[in-house]
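K.L.:
Line by line, the protein sequences give chains R and G. Sequence positions in the first sequence follow the numbering used here and run 1 to 258. Sequence positions in the second sequence follow the numbering used here and run 1 to 258.
There could be a bad hint or two in this list.
As the list claims (entries may be wrong) - Some chain G residues flagged as far from chain R (calculated, every beta-carbon gap over 10 Å):
| id | residue |
| --- | --- |
| 1 | Gly126 |
| 2 | Tyr192 |
| 3 | Val193 |
| 4 | Asp202 |
| 5 | Gly203 |
| 6 | Ala207 |
| 7 | Asp217 |
| 8 | Ala223 |
Stated by the list, open to error - Listed next, the in silico SDA-like pairs over lysine to any residue satisfying Cα-Cα at most 25 Å (straight line):
| id | chain 1 | residue 1 | chain 2 | residue 2 |
| --- | --- | --- | --- | --- |
| 9 | R | Lys87 | R | Ser65 |
| 10 | R | Lys87 | R | Gly144 |
| 11 | G | Lys45 | R | Val36 |
| 12 | G | Lys69 | R | Arg196 |
| 13 | R | Lys45 | G | Ser78 |
| 14 | G | Lys45 | R | Glu11 |
| 15 | R | Lys45 | G | Thr13 |
| 16 | G | Lys45 | R | Gly17 |
What the hints contain is simulated information worked out from the structure, not anything from laboratory work. Only a predicted model underlies this, so the values are computations on that prediction, with no experimental measurement involved. Backbone N, C-alpha and C define an ideal beta-carbon position, used for all residues, glycine too.
Protein chains: 2
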Amino acid sequence: MNVLIVYSHPEPTSLNGAIRDYAVQRLSDAGHQVQVSDLYAMQWKAQLDAADSKARRGDAPFHPSLDSKHAFENGLQSDDIAREQDKLRWADTVILQFPLWWFSMPAILKGWIERVYAYGFAYGVGEYSDERWGDRYGEGMLAGKRAMLVVTTGGWESHYSARGINGPIDDVLFPIQHGILYYPGFDVLPPYVVYRTSRVDDGRFAAIREELGQRLDTLATTAPIAFRPQNAGDYRIPALTLREDVAPGLAGFAAHVA
Amino acid sequence: MNVLIVYSHPEPTSLNGAIRDYAVQRLSDAGHQVQVSDLYAMQWKAQLDAADSKARRGDAPFHPSLDSKHAFENGLQSDDIAREQDKLRWADTVILQFPLWWFSMPAILKGWIERVYAYGFAYGVGEYSDERWGDRYGEGMLAGKRAMLVVTTGGWESHYSARGINGPIDDVLFPIQHGILYYPGFDVLPPYVVYRTSRVDDGRFAAIREELGQRLDTLATTAPIAFRPQNAGDYRIPALTLREDVAPGLAGFAAHVA
Numbered sequence: 001m002n003v004l005i006v007y008s009h010p011e012p013t014s015l016n017g018a019i020r021d022y023a024v025q026r027l028s029d030a031g032h033q034v035q036v037s038d039l040y041a042m043q044w045k046a047q048l049d050a051a052d053s054k055a056r057r058g059d060a061p062f063h064p065s066l067d068s069k070h071a072f073e074n075g076l077q078s079d080d081i082a083r084e085q086d087k088l089r090w091a092d093t094v095i096l097q098f099p100l101w102w103f104s105m106p107a108i109l110k111g112w113i114e115r116v117y118a119y120g121f122a123y124g125v126g127e128y129s130d131e132r133w134g135d136r137y138g139e140g141m142l143a144g145k146r147a148m149l150v151v152t153t154g155g156w157e158s159h160y161s162a163r164g165i166n167g168p169i170d171d172v173l174f175p176i177q178h179g180i181l182y183y184p185g186f187d188v189l190p191p192y193v194v195y196r197t198s199r200v201d202d203g204r205f206a207a208i209r210e211e212l213g214q215r216l217d218t219l220a221t222t223a224p225i226a227f228r229p230q231n232a233g234d235y236r237i238p239a240l241t242l243r244e245d246v247a248p249g250l251a252g253f254a255a256h257v258a
Numbered sequence: 001m002n003v004l005i006v007y008s009h010p011e012p013t014s015l016n017g018a019i020r021d022y023a024v025q026r027l028s029d030a031g032h033q034v035q036v037s038d039l040y041a042m043q044w045k046a047q048l049d050a051a052d053s054k055a056r057r058g059d060a061p062f063h064p065s066l067d068s069k070h071a072f073e074n075g076l077q078s079d080d081i082a083r084e085q086d087k088l089r090w091a092d093t094v095i096l097q098f099p100l101w102w103f104s105m106p107a108i109l110k111g112w113i114e115r116v117y118a119y120g121f122a123y124g125v126g127e128y129s130d131e132r133w134g135d136r137y138g139e140g141m142l143a144g145k146r147a148m149l150v151v152t153t154g155g156w157e158s159h160y161s162a163r164g165i166n167g168p169i170d171d172v173l174f175p176i177q178h179g180i181l182y183y184p185g186f187d188v189l190p191p192y193v194v195y196r197t198s199r200v201d202d203g204r205f206a207a208i209r210e211e212l213g214q215r216l217d218t219l220a221t222t223a224p225i226a227f228r229p230q231n232a233g234d235y236r237i238p239a240l241t242l243r244e245d246v247a248p249g250l251a252g253f254a255a256h257v258a
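Okay, chain R solo, but in the shape it has when bound (with noise of 0.2 Å):
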């Protein structure tokens, strides 16, 4: 299949820079083709603004989704932009690898995502009417493609239990997993985080290999989060919220995975 890595760090001979080029070599021998972003290589632009358009609306006051959508539909975005939005086409498969900064991805990252999501591409797609709000949450322009989260974390895995300080993981994680992975359409694999990165050393690296190939060998395989998706009946429309009768008394995050 085809692997884009969308990989965030500034240091080459980091953690994450080998484990990014563990990743490339596992998936390589095993016959995929590999694409990396590595956005602080390229020099990504991390902030969206009027300049991701070629031309822009006339003399309107810039609007990040109104400025996106007049781009994208008119083959007016900056080439940058279009060549990652190529990229993600041509991927069966998108691994977002980054360190967990302040509880969320590198701005570096951040910034990819708001600018290739595009009005059009990743969002504002489908009908919204009484009975579906939009092609997103499980459908949209990437469903039928896989992704899956590589996270490092200096943190403990007991400081992202269930009861630990910095919330659990999958709910420090849920943002990302199903607001921006979710939404316009991947399925979404488990995450595979790394804790404690000032303790690795060689032997626990050897065991961060074993762990990743395994995860890199059966992404194919692998069963995606069971989230629910937003048109299939589970939710009121245009409300947004589940039905009575779906995951009853549940709240938060947990109540969004059948």
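Dock chain G against chain R, hints included.
P.N.:
Just chain G now, kept in the frame of chain R:
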């Protein structure tokens, strides 16, 4: 009091721009000193990298936290970072104002956090032992100051309700309010959120001014979110999990609010 507004929207004539202008006026009229860090106008550098130090740690590979520590301790931080830290020291209250993009803050603001939140300033502060795990989550260099989010979103309020598809707004904002603001010591006030921004006419904007005005008038007296301090007995150290008798049976983000 001294109020710092860290503002992140690319278009001054936007709803966010109007809200920012109103907030500055309301606070100034009440006799407060106000500074605004307008990140787009400042062309804030979003990506954290080796250029954030005026001089590196010899030939060592770039390391995000060790380089930050070295630069902070030795007065080698880039001037833009040091200036923002001075504003944080000056402020009694900090407002982060931004549109919710992909369920988090814009990349440019995330990059402000990553770069301004230096090692020794916002993390890596205090003693790590069997009894304390650093000055964080309720303690730290920013303790005694207040912080509040002012957020706009295109989604409807019901989409962010307890069983709404985007997840409850308190959970969506938890990684920011708890992980970014409470972590270095801020008392975090409840957020002010404007939903369904595509439907803000003059009448609704008048209501927003009224509601936000009330919040700004009561910055000093509003009760903060009752996040649990890390080192005051609720958590086991170093596992940083809640003790069994604290919020028994609860898991997830909500367990960390008393």
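K.L.:
Can you name, in rising order, the numbers of the hints this structure does not satisfy?
P.N.:
Hint check: nothing fails, all pass.
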